[in-house]
Amino acid sequence: MVMDRYADRLSGAFHALGDPTRRAILARLTAGEATVSQLMEPFELSQPTISKHLKVLENAGLIEGGRDAQRRPRRLAALAMKDIADWIEPFRQQWASRFDNLDAHLATKKKQET
Amino acid sequence: MPAQSQTAAKTNLDIDRGAHTIRLTRVFDAPRAQIFEAWTRPEDVTCWWDAAGERLAVCEIDLQPGGSFKFVTKGPPEMSFVGTYREIAPPDRLVFEAMGATGRVILQDAAGKTHMTVEIECRSAEQLDQYLKMGVDVGTSQTLDNLVAYARSRSTTVG
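Chains as they are written, first to last, in the working numbering: chain A, 49 to 162; chain B, 61 to 219.
Hints are not guaranteed to be accurate.
Said to hold, decoys possible - The list that follows gives simulated cross-link-like pairs (lysine-lysine, DSS-like), each with its CA atoms no further than 25 angstroms apart: (1) A/Lys157 to B/Lys173; (2) A/Lys100 to B/Lys134; (3) B/Lys70 to B/Lys173.
These are computed hints drawn from the structure, not numbers from a lab.
All chains, please: the whole structure from these sequences, using the hints.
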């Protein structure tokens with residue numbers, strides 16, 4: 049029974065993560081809780097669309113309501129991470145790729161000057 | 061000479077949990093002023109910001125204290141990075157706020173090259189963990205792989 053419920057939750061989470069907008073909303077919430085109107089701003093989506101995505105994320109257990117019941121901010125569900133190290137390398141690689149691009153861009157500019 | 065720039069091209073990452081700060085460092089074979097421009101001119105930023113190597117779909121910069129910026133990648137997924145400039149001090153220092161954290165770009169001369177430090181100061185150690193966990197680009201398959209591994213590790217503790 050416990051495992052079945054777990055499997056259901058997991059498939060819900062994967063469905064929720066299958067959508068790029070929902071992944072982007074999760075990325076935004078890593079910076080801290082946000083209200084629906086705060087989430088509308090960067091994504092340029094309508095309120096019903098954002099609300100629909102939030103409902104899917106909430107049902108999947110990936111986000112939850114914040115403390116302020118009036119504003120109804122959403123935040124990431126608190127996941128107790130055991131090993132943070134696994135997450136650091138992809139983060140570093142992301143920035144390394146960005147800096148590689150910058151390095152190449154600077155080299156191109158240098159060539160244009162001479 | 062090209063071989064040397066290859067070996068210098070290493071991005072280091074340090075985590076200062078006490079100061080809840082992520083610190084990235086990299087040496088570039090270019091003067092500070094050029095790197096500062098690369099961070100602050102739309103025609104430059106659009107060429108390198110997207111880790112996937114695509115030009116940005118949107119790159120807006122209002123370069124003044126309190127001015128805002130917006131970088132949006134073509135995607136998918138479209139990832140937007142929106143923030144506000146706090147301090148603009150060419151050629152060595154740029155401070156901004158974005159994604160609930162403070163970003164600092166510090167450029168130092170290093171024998172004809174430039175040593176660049178990018179600091180991301182989070183509000184708390186908890187926010188720092190969240191920031192790293194999701195990466196900046198949650199759309200990468202690597203992040204999803206990590207999530208699967210995490211879900212598995214949880215399922216074994218439950219089972």
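Checked hints:
As the CA atoms of A/Lys157 and B/Lys173 are separated by approximately 15 angstroms, the hinted pair is consistent with the 25 angstroms bound. Only pairs whose Cα atoms come within 25 angstroms are accepted, and A/Lys100 paired with B/Lys134 is accepted, the gap being roughly 23 angstroms. Between B/Lys70 and B/Lys173 the alpha-carbon distance is near 14 angstroms, which keeps this suggested pair within the 25 angstroms criterion.
Hint compliance for this structure: no hint is broken.
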